[in-house]
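> Here are the chains, one letter per residue:
2 protein chains.
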Amino acid sequence: MSLLVTGSIAIDTVKTPHGVSENCIGGSAVYFSMAASFFSPVRLVGAVGSDCPFDWTKVFAGRDIDLTGLEVRENSKTFRWVGSYSENMDNRKTEYIELNVLAEEPPIVPAEFSDSKFVFLANTAPNLQLKLLNQIDRPAFVAADTMDFWIEGHPEDLKINCLIINEDEARLLANEHNLIKAAEKILDIGADVVIIKKGESGSLLCNAGGDKFVLPAYPATEVKDPTGAGDSFAGGMMGYLAENNKTDFASLKKAVAYGTVVASFAIADFSLNGLISIDKADIKDRFENLRKIISF
Amino acid sequence: MSLLVTGSIAIDTVKTPHGVSENCIGGSAVYFSMAASFFSPVRLVGAVGSDCPFDWTKVFAGRDIDLTGLEVRENSKTFRWVGSYSENMDNRKTEYIELNVLAEEPPIVPAEFSDSKFVFLANTAPNLQLKLLNQIDRPAFVAADTMDFWIEGHPEDLKINCLIINEDEARLLANEHNLIKAAEKILDIGADVVIIKKGESGSLLCNAGGDKFVLPAYPATEVKDPTGAGDSFAGGMMGYLAENNKTDFASLKKAVAYGTVVASFAIADFSLNGLISIDKADIKDRFENLRKIISF
Numbered sequence: 001m002s003l004l005v006t007g008s009i010a011i012d013t014v015k016t017p018h019g020v021s022e023n024c025i026g027g028s029a030v031y032f033s034m035a036a037s038f039f040s041p042v043r044l045v046g047a048v049g050s051d052c053p054f055d056w057t058k059v060f061a062g063r064d065i066d067l068t069g070l071e072v073r074e075n076s077k078t079f080r081w082v083g084s085y086s087e088n089m090d091n092r093k094t095e096y097i098e099l100n101v102l103a104e105e106p107p108i109v110p111a112e113f114s115d116s117k118f119v120f121l122a123n124t125a126p127n128l129q130l131k132l133l134n135q136i137d138r139p140a141f142v143a144a145d146t147m148d149f150w151i152e153g154h155p156e157d158l159k160i161n162c163l164i165i166n167e168d169e170a171r172l173l174a175n176e177h178n179l180i181k182a183a184e185k186i187l188d189i190g191a192d193v194v195i196i197k198k199g200e201s202g203s204l205l206c207n208a209g210g211d212k213f214v215l216p217a218y219p220a221t222e223v224k225d226p227t228g229a230g231d232s233f234a235g236g237m238m239g240y241l242a243e244n245n246k247t248d249f250a251s252l253k254k255a256v257a258y259g260t261v262v263a264s265f266a267i268a269d270f271s272l273n274g275l276i277s278i279d280k281a282d283i284k285d286r287f288e289n290l291r292k293i294i295s296f
Numbered sequence: 001m002s003l004l005v006t007g008s009i010a011i012d013t014v015k016t017p018h019g020v021s022e023n024c025i026g027g028s029a030v031y032f033s034m035a036a037s038f039f040s041p042v043r044l045v046g047a048v049g050s051d052c053p054f055d056w057t058k059v060f061a062g063r064d065i066d067l068t069g070l071e072v073r074e075n076s077k078t079f080r081w082v083g084s085y086s087e088n089m090d091n092r093k094t095e096y097i098e099l100n101v102l103a104e105e106p107p108i109v110p111a112e113f114s115d116s117k118f119v120f121l122a123n124t125a126p127n128l129q130l131k132l133l134n135q136i137d138r139p140a141f142v143a144a145d146t147m148d149f150w151i152e153g154h155p156e157d158l159k160i161n162c163l164i165i166n167e168d169e170a171r172l173l174a175n176e177h178n179l180i181k182a183a184e185k186i187l188d189i190g191a192d193v194v195i196i197k198k199g200e201s202g203s204l205l206c207n208a209g210g211d212k213f214v215l216p217a218y219p220a221t222e223v224k225d226p227t228g229a230g231d232s233f234a235g236g237m238m239g240y241l242a243e244n245n246k247t248d249f250a251s252l253k254k255a256v257a258y259g260t261v262v263a264s265f266a267i268a269d270f271s272l273n274g275l276i277s278i279d280k281a282d283i284k285d286r287f288e289n290l291r292k293i294i295s296f
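Sequence order for the protein chains is F and Z.
Quick note: the first sequence uses the working numbering, first residue 1, plus one each step.
Quick note: the second sequence uses the working numbering, first residue 1, plus one each step.
Hints were generated in silico from the structure; no laboratory data involved.
All values reported here derive from a predicted model rather than from experimental measurement.
Where hints are given, some of them may not hold.
It does not matter which identical chain is used: a pair holds within one copy or between any two.
Unchecked claim - In silico SDA-like links for lysine to any residue, alpha-carbon gap of 25 angstroms or less:
1. K224 x L172
2. K77 x E22
3. K246 x R291
4. K198 x T247
5. K224 x I293
6. K254 x P219
7. K181 x A220
8. K185 x R286
9. K224 x S201
10. K131 x S271
11. K224 x E184
12. K198 x N161
13. K15 x R171
14. K254 x I278
15. K284 x A250
16. K181 x Y85
17. K58 x S295
18. K181 x S277
19. K58 x D269
20. K224 x N178
21. K253 x F287
Using the sequences and the hints, build the whole thing.
Structural data, given as structure tokens:
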């Protein structure tokens, strides 16, 4: 089933205890697309400036990622982010940011993408997300990792089926420390499904019907660069759902497990390298291993 | 199979955002005994002073907890602890402590307990633990939640099969932030099994053979008093192992799951109330529910 993503495309400089990656490929929509492409064709909608040094057809070579929605704006510059991680990589600091194209009008969703059924809105300004979503005719399942619309009190303007947020955001949004209660409060606001990401502590999935699923993170020993972990998680998850064209709770559980596995590969190396160096068989192996190490 | 525990017996005063429990029943050996007694007979070894206001035969009424090893010392006073929890209960502060009997000679292990096969050493001074363990002829499986012996560099003096510690202790002991790597380092020092408790993030079980098991905490919405969570975890775990007289990895996984479930009941109310108000069927139900909510 068709899967569309819109979000940032970035030139990143990332510093971790394992090294520095300068002017490397980054951005939420890029990590998402790469992660989702293991499962499903992907339609990427985003914008870069004329300064963007990456050849996207080469970056995504051999993957079914449709770049029709990728705008190169002649008089604009690409979004840039410089960040550093603390020694234990449990804290991230943005050292420098240039919004550039992200501060302009959102990209146009190509007419041939307007029938997209699965849609992921990576974090950006709420009014841009609304403008993007309005260009899609009748999406079946929209997920977002934004919460700004919700905090501003207008969740009804943005028809989101699934909210994917981290634990700090969930606590802030629900004004509740206990994550189960926070998830229930968020579901009351209006989402069908909420997924709370807890980093190395795993994730929590709840739906409006009262179903719950908790999953630890994959116990990875190789963590070189956590950048893109959340977008890779979302990519693996949405890719699996789109591949199977299902959003029942059993499918959502498997999707969260695939997202967990894909994220564990993404953080093993800088930029996209952790995802470029694997194939679907690696993902399936680790998926089965995850199932094994949590079963009792 | 016989299960012996030695550790503290306390008069606690606990302050949490849900209230204050003054001069209530506490202590590591007490929580452990109550938790383990759902699975196996328990031999409790510990000491109190003549000031201890609790009638232990009433406290443990209807449970197979042998109090032959409970010493009441006429000229001593009972261990006292006053602690408070932060608003989110993720931080605990000791406000006041009186070691009293815990600063004296350790209790004597009764001769009829010297054949105990499963032994749990709750946290106390290393030399006391050694003196206690030396009174047991040939234990089959010794677990401890202490790490002082290890940090002092004499792990070989204390024959421990299973070390149960929290994540901060594991990182400190192994000088390694990644918990998988930390567990592997601790296994290298000499334990057969290490269990790292991560509070609301669950636990990690590893053995010297390279087997791994990760389990989230039970997603509890009712948390009134986290005191005794770790000892209840250990009690449920060791109780299950003693009940089945097995310590293979499959049994250890189930034991950790039972420990997780029992701890989730313990924290739902002050002092022992969370454990007193349940029966084995409640534990089995929640055990099956835990299995369900982590399966995919």
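> With reference to the structure, classify each hint as holding or not holding.
How the hints compare with the structure:
Taking CA atoms no more than 25 angstroms apart as the test, K224 paired with L172 passes between copies only; the shortest distance there is 21 angstroms, against 29 angstroms inside one copy. Taking the shortest alpha-carbon separations for K77 and E22, only the intra-copy value of 17 angstroms comes in at or below 25 angstroms, while the best inter-copy value is 64 angstroms. In this assembly of identical chains, K246 and R291 lie within 25 angstroms of each other by CA distance both inside one copy and across copies; the values are 20 angstroms within and 23 angstroms between. In this assembly of identical chains, K198 and T247 lie within 25 angstroms of each other by CA distance solely inside one copy; the values are 22 angstroms within and 31 angstroms between copies.
When the C-alpha separation of K224 and I293 is checked against a cutoff of 25 angstroms, the pair qualifies only within one copy, where the shortest distance is 23 angstroms, while the shortest distance between copies is 31 angstroms. In the homo-oligomer, the alpha carbons of K254 and P219 lie at most 25 angstroms apart both inside one protomer (17 angstroms) and across protomers (19 angstroms), since each shortest distance falls under that limit. Within a single copy, K181 and A220 get their C-alpha atoms only as close as 29 angstroms, which misses the 25 angstroms cut-off; across copies the closest is 9 angstroms, which meets it. Taking identical chains as interchangeable, the C-alpha atoms of K185 and R286 lie at most 25 angstroms apart only when they sit on different chains, with a minimum of 23 angstroms there against 33 angstroms within one chain.
Proximity of K224 to S201 under the C-alpha cut-off of 25 angstroms is found in both arrangements, the shortest distances being 17 angstroms within a copy and 22 angstroms between copies. Taking the closest pair of Cα atoms, K131 and S271 never come within 25 angstroms of each other, the shortest separation being 29 angstroms inside a single copy and 55 angstroms across copies. Within a single copy, K224 and E184 get their C-alpha atoms only as close as 34 angstroms, which misses the 25 angstroms cut-off; across copies the closest is 19 angstroms, which meets it. Proximity of K198 and N161 under a CA criterion of 25 angstroms is satisfied intra-copy only: 20 angstroms inside one chain copy versus 32 angstroms between copies.
Taking identical chains as interchangeable, the C-alpha atoms of K15 and R171 lie at most 25 angstroms apart only when they sit on different chains, with a minimum of 23 angstroms there against 28 angstroms within one chain. Taking the closest pair of Cα atoms, K254 and I278 come within 25 angstroms of each other only inside a single copy of the chain (20 angstroms); across copies the shortest separation is 33 angstroms, beyond that limit. In this assembly of identical chains, K284 and A250 lie within 25 angstroms of each other by CA distance both inside one copy and across copies; the values are 17 angstroms within and 23 angstroms between. Taking CA atoms no more than 25 angstroms apart as the test, K181 paired with Y85 passes between copies only; the shortest distance there is 20 angstroms, against 30 angstroms inside one copy.
For the homomeric pair K58 and S295, neither the shortest alpha-carbon distance inside one copy (40 angstroms) nor that between copies (39 angstroms) is at most 25 angstroms. In this assembly of identical chains, the alpha carbons of K181 and S277 lie at most 25 angstroms apart only when taken from different copies (23 angstroms versus 39 angstroms within one copy). For the homomeric pair K58 and D269, the shortest alpha-carbon distance inside one copy (19 angstroms) is at most 25 angstroms, but the shortest distance between copies (59 angstroms) is not. For the homomeric pair K224 and N178, the shortest alpha-carbon distance between copies (12 angstroms) is at most 25 angstroms, but the shortest distance inside one copy (30 angstroms) is not.
Taking the closest pair of Cα atoms, K253 and F287 come within 25 angstroms of each other both inside a single copy (12 angstroms) and across two copies (19 angstroms).
Taken one by one, the earlier hints fail for this structure at numbers 10 and 17, listed in ascending order.
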